[in-house]
Amino acid sequence: MTGVLAQLEFDWSQWSVPFAAQWWQETTCSVLVGIACGVLGCYVVLRRMALIGDALSHAVLPGVVIAFLITGNTGIGGLFFGALLAGLVTAGLIKLVSQFSRTKEDSAIGIVFTALFALGIVLISSLPRGTHFDLKCFLFGDPLAVGTDDLIMMAIIAPMVIAIVVLLYHPLKLASFDPVVAAAMGISVTALHYLLMGMLSATVVAGLKTTGVILVVAMVITPASAAYQLTNRLAPMLVLAGLFGAVSAAMGMALAFVTNSPTGPAMVLVATSIFAGAMILSPSEGVLFRMLRRHQIKLHIASEDVLKAVYRLAEARVACTVGAIVNRVELSLTSVNVALKTLTNEACVEMHSREVRLTPDGKQRAIGLVRAHRLWESYLVEEAGIGLDAIHTEAERLEHAHHLAEEIDKKLGHPQRDPHGTIIPTN
Amino acid sequence: MKTTIIDPQTVVESKDQLDYRAELPPDESGNMAAVSVRGLTVSYGERPVLRSVSFDVNSGQIVGVVGPNGAGKSTLLRAILGLIPLDAGSITLSGKPISQCRNRVAYVPQTEAVDWDFPVTVQDVVLMGRYGRLGLFGRPKHADRSAAEEALELVGMTEYAHRHIRQLSGGQQQRVFLARALCQDADILLLDEPFAGVDAATEQTIFNLITKLAAQGKTLIVVNHDLSVLDRFDIILLLNQQVVAFGPTNQAVNDRNLHRTYGGRLTLLDRADSALRDNRGDS
Chain A
67 MTGVLAQLEF DWSQWSVPFA AQWWQETTCS VLVGIACGVL GCYVVLRRMA LIGDALSHAV
127 LPGVVIAFLI TGNTGIGGLF FGALLAGLVT AGLIKLVSQF SRTKEDSAIG IVFTALFALG
187 IVLISSLPRG THFDLKCFLF GDPLAVGTDD LIMMAIIAPM VIAIVVLLYH PLKLASFDPV
247 VAAAMGISVT ALHYLLMGML SATVVAGLKT TGVILVVAMV ITPASAAYQL TNRLAPMLVL
307 AGLFGAVSAA MGMALAFVTN SPTGPAMVLV ATSIFAGAMI LSPSEGVLFR MLRRHQIKLH
367 IASEDVLKAV YRLAEARVAC TVGAIVNRVE LSLTSVNVAL KTLTNEACVE MHSREVRLTP
427 DGKQRAIGLV RAHRLWESYL VEEAGIGLDA IHTEAERLEH AHHLAEEIDK KLGHPQRDPH
487 GTIIPTN
Chain B
2 MKTTIIDPQT VVESKDQLDY RAELPPDESG NMAAVSVRGL TVSYGERPVL RSVSFDVNSG
62 QIVGVVGPNG AGKSTLLRAI LGLIPLDAGS ITLSGKPISQ CRNRVAYVPQ TEAVDWDFPV
122 TVQDVVLMGR YGRLGLFGRP KHADRSAAEE ALELVGMTEY AHRHIRQLSG GQQQRVFLAR
182 ALCQDADILL LDEPFAGVDA ATEQTIFNLI TKLAAQGKTL IVVNHDLSVL DRFDIILLLN
242 QQVVAFGPTN QAVNDRNLHR TYGGRLTLLD RADSALRDNR GDS
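Order-wise, the sequence lines are chains A and B. Sequential numbering of the first sequence, starting at 67, is according to the working numbering. Sequential numbering of the second sequence, starting at 2, is according to the working numbering.
Hints may be right or wrong, so weigh each one.
[What the hints assert, rightly or not] Partial list, computed: chain B residues near chain A (C-beta under 8 Å): (1) 129; (2) 135; (3) 161; (4) 165.
Read the hints as simulated data drawn from the structure, not as lab findings. Just so you know, these numbers come straight off a predicted model, no measurement behind them. Think of the CB as a built atom: it goes at the ideal place given N, C-alpha and C, for glycine as much as any other residue.
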């Protein structure tokens, strides 16, 4: 653990001088990694392979070490092919274990990647004396190590990933959404799976130097998950995820400089902030919009309930004060006041000294509500077979769906009276 | 609508012989059966799932496949789709193996098997029916899009084209996947439990739709878990790893066959009996 802390105490500012050549190299490489990870991440998220993404990043260690053993240096080409091979072997082994044992896939993934990671560490310790293999760099990333050849490799991988995803957009979409039908149509689902695994390993090994093994999976799943919150179509999701990945990388670099911290974690924190923002602001799923919608519906229902109460009080010829309304509805005084204010604005009620009176418009609307309530009661008894004692509460809720009242009226053959024998008003 | 052209005399019950064949006459035009399954045997590992299953379905017929959990119903569909290796036997579609005519068969998956959160709209899903003919790098053309529109129109879902699939009711979801199958222009449709978890009105809609399709000469094989829909099919295949009975519904479905299909699971049988007794006199 002291090793980790020593790593974190390192003065990062000495290399990340903005706009210096090294900074440009590092930033460009990270942005490319961010884009490729984001785009591939969409498929990882949608195919529920997040754990595989994590597994791939860990399992490339033995591949990298073996490549290092063979080539004797950290040349990018050897490492790349070592990692790619390790990634595909991982994916194959996972399939094998889950197919030929009763082990389920998640456990199979756990067994395979920990085993390969352990093998990688054992291989490192058996490296000949004097060779330097930086495990810390592998685990936590080391932006200092990003060289021109890394940049060149990423400048090839990222456009290739995008090109493949664009070209195979339709088969990948179908194979991810409905593998059975894809296979029935003659699309090779297995080949596409290994293609994705291969692209993912290639991208992950390139991302290792920027974020390290432990955090690189965040660059894969977090931007894609953020994009998933914001759209209902696959193509916009891919574009957004790539964009979020790029933004996370660029802003992570800035954050790292400002806070004098390592870049990888800074990128992950930016990506997580984007995800949190998407979670809150998503138009369909977002916490904020959901709360807002619920609040609006509550206000709407409250004002309709108050309107009906005013109508009933007038019917019963009782003085319609605010207090009388509060007694009739299950709402607080504040809610009733808010509802009355809304209704006044909508010109449904008027205040005459301390008494509330319906305007002609308000009366019309109230009759509509009462009509809906009584029609729903009739419907519940006749069509749904619900007992008389239970229908009122249910109709109290359903009456707010008053746009369906006329359909019920037609379906029931224009009933005159509700199940309690009260006349159903017409408007 | 009854398109049954099977002679009631040919109702067959398996006699547990391995080389059993369902001898069925060819359809009126003298063509080969749309789907012909011969001695089909499939196993997962050591465990056999289907044992010498044979039957013929002619075009325009709707076959209801009924059997308990683990009876091999879904396996049968997968075998017809050509997705699993066969231990023995053969499946031909109008005399050709599936590998030569993949586009002729469409599959409507179980609602539970679909990822309803996947970012696709109704239109996207229906258009997927055309992917089989696009080739690996192809893009949907104008003709594909209009085929998708037509299919949506046919199932009455045009106005929902731009909705996300999660925003649909159970019946609407079924109709979207039916539209995808139609868009595929297949003449053999395999439906996996289309009536699971839908209300009576939706059930009716789906039945109307598949009856219409059968009248157009499509062949439909419909897998069911629930026995309550039994009497709506022209032809029933009672399946429990092997064919228990195959033939016109009123002939194939009787207490003895149901008992054999469900292996004396009395609770299920009771449910079946009551469902058959008091069902749908009113609808």
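Taking the hints in turn, this is what the structure says about them:
1. 129: 5 Å, holds
2. 135: With a minimum Cβ separation of about 6 Å from chain A (threshold 8 Å), the hint on residue 135 of chain B holds.
3. 161: At 13 Å from the nearest chain A Cβ, residue 161 of chain B fails the 8 Å test, so the hint is violated.
4. 165: This hint holds: residue 165 of chain B lies near chain A, its Cβ roughly 4 Å from the closest one there, short of 8 Å.
In summary, the one numbered hint that this structure violates is 3.
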